[in-house]
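Asker: Next come the chains, spelled out residue by residue.
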Amino acid sequence: MSMAIPYTVEPRPDTGLNNVKIGIWLFLASEVMLFGGLFAGYIILRVGSTDWQPGSAFGLSVPLAFTNTLVLITSSVTMVMAWASLIRKDFSKYRLYMGITVLCGLGFMVIKYIEYTSKFSHGYYPSTHIFLALYFTLTGLHGIHVIAGMGYNAYLWGPGAKMWETAPEQFTNRVEASGLFWHFVDLVWIFLFPVLYLL
Amino acid sequence: MSLKAVHIFFIVVATAIAVGFGVWSVQQVQASGNTGDWVLAILAILMAGALPIYGVWFLKKMKKVGYV
Amino acid sequence: MSDHEHEHHEELSFWRKYVFSTDHKVIGIQYTVTALFFLFFGFCLMMLMRWQLAFPGKALPIIGALFGADRMPDGIMLPEFYNQLGAMHGTIMVFMGVVPLAVGGFGNFVVPLQIGAPDMTFPRLNMLSYWCYFVGGVIMFASFFVPGGAAQSGWTSYPPLSDIAPSGQTWWLMGMMALIFSSLLGAINFITTIIQLRAPGLTFFRFPFFVWAQFVTSFLLLLAFPPLQAASFFQLMDRVFGTSFFMPEGLVISGQLSEATGGGSPILWQHLFWFLAHPEVYVLILPALGIVAEVIANNTRRPLWGYKSMVYSLIFLGFMSFIVWAHHMFLTGMGSAMSAFFQTTTMIISIPSVIILTALILSLWGGSIRFTTPMLFALAFLPMFGIGGLTGLPLGLASTDIHLHDTYYVIGHFHYVVAPGTLFAMFAGIYYWYPKATGRKMSDFLGKLHFWPSLIFMNGIFMPMMIQGLAGMQRRLYDGGEIYAHTQTALHWHKVISISAWGLALAQIPFIINFFASLRKPKTAGDNPWHSTTLEWAAPSPPPHGNFTELPTVYRAAYEYSHPDHDEDYLPQFQADAQAKPAAATP
Chain A
1 MSMAIPYTVE PRPDTGLNNV KIGIWLFLAS EVMLFGGLFA GYIILRVGST DWQPGSAFGL
61 SVPLAFTNTL VLITSSVTMV MAWASLIRKD FSKYRLYMGI TVLCGLGFMV IKYIEYTSKF
121 SHGYYPSTHI FLALYFTLTG LHGIHVIAGM GYNAYLWGPG AKMWETAPEQ FTNRVEASGL
181 FWHFVDLVWI FLFPVLYLL
Chain B
1001 MSLKAVHIFF IVVATAIAVG FGVWSVQQVQ ASGNTGDWVL AILAILMAGA LPIYGVWFLK
1061 KMKKVGYV
Chain C
2001 MSDHEHEHHE ELSFWRKYVF STDHKVIGIQ YTVTALFFLF FGFCLMMLMR WQLAFPGKAL
2061 PIIGALFGAD RMPDGIMLPE FYNQLGAMHG TIMVFMGVVP LAVGGFGNFV VPLQIGAPDM
2121 TFPRLNMLSY WCYFVGGVIM FASFFVPGGA AQSGWTSYPP LSDIAPSGQT WWLMGMMALI
2181 FSSLLGAINF ITTIIQLRAP GLTFFRFPFF VWAQFVTSFL LLLAFPPLQA ASFFQLMDRV
2241 FGTSFFMPEG LVISGQLSEA TGGGSPILWQ HLFWFLAHPE VYVLILPALG IVAEVIANNT
2301 RRPLWGYKSM VYSLIFLGFM SFIVWAHHMF LTGMGSAMSA FFQTTTMIIS IPSVIILTAL
2361 ILSLWGGSIR FTTPMLFALA FLPMFGIGGL TGLPLGLAST DIHLHDTYYV IGHFHYVVAP
2421 GTLFAMFAGI YYWYPKATGR KMSDFLGKLH FWPSLIFMNG IFMPMMIQGL AGMQRRLYDG
2481 GEIYAHTQTA LHWHKVISIS AWGLALAQIP FIINFFASLR KPKTAGDNPW HSTTLEWAAP
2541 SPPPHGNFTE LPTVYRAAYE YSHPDHDEDY LPQFQADAQA KPAAATP
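Residue numbers (my numbering), protein chains in the order written: chain A, 1 to 199; chain B, 1001 to 1068; chain C, 2001 to 2587.
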């Protein structure tokens, strides 16, 4: 009686994919729909509003947001480098790049925290205006995604990396899946940045 | 799609945002003339130039990895 | 996400084997039992409401005193409690009853068996999916006991009413988020399993129709639920952080100007909600169509008529279900151009539904029909679903919907689809796969005692609703419309409906007895008691951990009944030689 689930690591010949790859892409498809719903809400509320105010009216800082954009783009590059290092069997390089990726995520959240507290100190809360409601909800949900991706990457950097010894190929697949999620999170920010700060 | 394919797509989008942001900040400079806006504009233009170069380098480096 | 640790299943503790199990069959049964409990619970809520509608303002005898002074003082139901019952009946039946039963229960148990897989691709995710559902259910259940009671703004939770409702609404949102997360994990698992773990030889067009139905359903769950998740976040922000996503400017509540800053749009919620909730209707019906297809092919002893056109219709239906949502919103003033678009798509989507139903009816033609209990339910499904579908057409046309919108006609329409439609299919599925899950057959006599009264009472409930609705009786009225002049001619039907509802409850007693008493019978059903052709019958009954004693290979399409080159009237997918006896007939 064969118990193991097939194609967890090796691709199924006729589909050319392993289970994890399909699973993560389906998950990302649903994430696209989630943020699609949020952006649709933004559009409908903005178009229907009689008193729309752009981010600059509430002192949203473009330099800080641009710094955050740079931070996330950098983290995507290091994420791919971490994966590429595993493909070349260079584990110490993997550790380095993955560490930078996690730190970039952390840096992003620190800047986000500075932005949030500065808004609060000026008396700007989600309930103050419909723009701020959207700003806090969209960036807040994105922030939860950043924390989730950062947490899983930290796990893959630390205790999860033991798998490199026992099942290197499966571990590489995991890093790739995590990288796909991380790229999605970064892409969402690349849309959020102009929508909330510039337009 | 593999992470390689997604990364290339990501770099393309990031380049587009850099170009767009460059245009936006140049407009800001013309409107206000603040030195702060100058810094942002130059950074954005540098980024718009650097990202495609990085993308080409990345493609060469990852030649052996597939897109699926 | 792989799972190698279960090679020695004999050593699993009780907790790992029956509670925190990763086996798709155990999880499927967990889903089934939990969902059946919630169906019963949601039905009880409705029976309480039916008392108030049949005898408005009269004290409920005996049990009325049990509900306490803040719900039913002296046994007389308060309007707030009536609203809670209505909102929670809908929520529980749809999100915690039918969908978990159809997808979580039947999908989990049957799909891996029908495609010849040892388990789902992500067994631990599967377990997490069940426990998210369980937590969501507990949150919903607990919300009855928070101050102000459970959610009371209808199962659709329309703002601004839901934004200003008591705290039960916040619990509702939290519960919904858990349920949405659960179905998301389930959907990912189903799609990956169906794509990756097919047995050798099982191409997509050799799938049993049930597998196709679950496949399309999973895509609907995967892509339609997230916008409701987004909407739930918005509403949670409105309620907890005082934002105004769904609060317009200048809203007056109980004579006082609302303190919300405004700038929001109540219609936004409706769009996001129905973007989920219309595909959700197909989530309710597609697995049911799948079960009925299985049962009909098996009991007519002939292949499904037009299998391929059924599959193409199914896929087309799945696509179309994403662009019909605003036919629920004709009366919001969204404009005639929008209405014209959505009524057109709505008429188009009725075509594939009719194709599937017609193919199922034509499948009966020339068959040698066995009137087993599952077949009775499947046969009853066809006209019941037909009535439900056809009565939907006047609702999908903007001009007729103006009269029928928010009347009992709407309730009659969708209950025909979901109650004698989907639920009958679910019963068919339970009677059909019970021998596979337990190794024992359920009693045919008790099954018929369950079926015939259920069929009569179902129609006794929902047919009069159509009459009431056409008379213009509004839904969600605490007194059933007693104070309106135009509803007087239809008021007496309330008693007929209520008595039928209570009768329907009595008709479920044979089922409950049958379900539990059959567990005490000896395991004599055998591997293939219905002489069926699909892969789940190649496994032992009940299937062991890992399902198959040896990996099956598939040689032909799903429904080779009464094959001319074969002596027996069924030729299983897993049997290599058409001339030989069925391979897995002996244990």
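Hint data in this document are derived by calculation from the structure and do not stem from the laboratory.
Owing to the predicted nature of the structure, the values given are computational and were not obtained by experimental measurement.
Just so you know, even glycine gets a beta-carbon here, dropped at the ideal spot from N, CA and C.
Don't take each hint at face value.
To be verified - Taking lysine to any residue and the SDA-like style, the derived pairs with C-alpha atoms no more than 20 Å apart in a straight line are:
| id | chain 1 | residue 1 | chain 2 | residue 2 |
| --- | --- | --- | --- | --- |
| 1 | B | Lys1061 | A | Thr74 |
| 2 | B | Lys1064 | A | Gln170 |
| 3 | B | Lys1060 | A | Thr78 |
| 4 | C | Lys2448 | C | Ile2513 |
| 5 | A | Lys119 | C | Gly2242 |
| 6 | B | Lys1063 | A | Thr78 |
| 7 | B | Lys1064 | A | Thr74 |
To be verified - Below, a sample of chain C positions facing chain A; criterion: calculated Cβ distance under 8 Å:
| id | residue |
| --- | --- |
| 8 | Leu2223 |
| 9 | Pro2266 |
| 10 | Leu2268 |
Asker: State for each hint whether it applies.
Answerer: The hints, checked one at a time:
1. Lys1061/B <-> Thr74/A: 17 Å, holds
2. Lys1064/B <-> Gln170/A: 19 Å, holds
3. Lys1060/B <-> Thr78/A: Judged against 20 Å, a Cα distance of about 17 Å means the pair holds.
4. Lys2448/C <-> Ile2513/C: Given that 20 Å is the threshold and the Cα spacing comes to 13 Å, the pair holds.
5. Lys119/A <-> Gly2242/C: 16 Å, holds
6. Lys1063/B <-> Thr78/A: Holds: Lys1063/B and Thr78/A sit about 18 Å apart, inside 20 Å.
7. Lys1064/B <-> Thr74/A: 23 Å, violated
8. Leu2223: At about 5 Å, which falls below the 8 Å cut-off, the nearest Cβ of chain A leaves the hint on Leu2223/C intact, so it holds.
9. Pro2266: 11 Å, violated
10. Leu2268: Interface hint status for Leu2268/C: holds (5 Å vs cutoff 8 Å).
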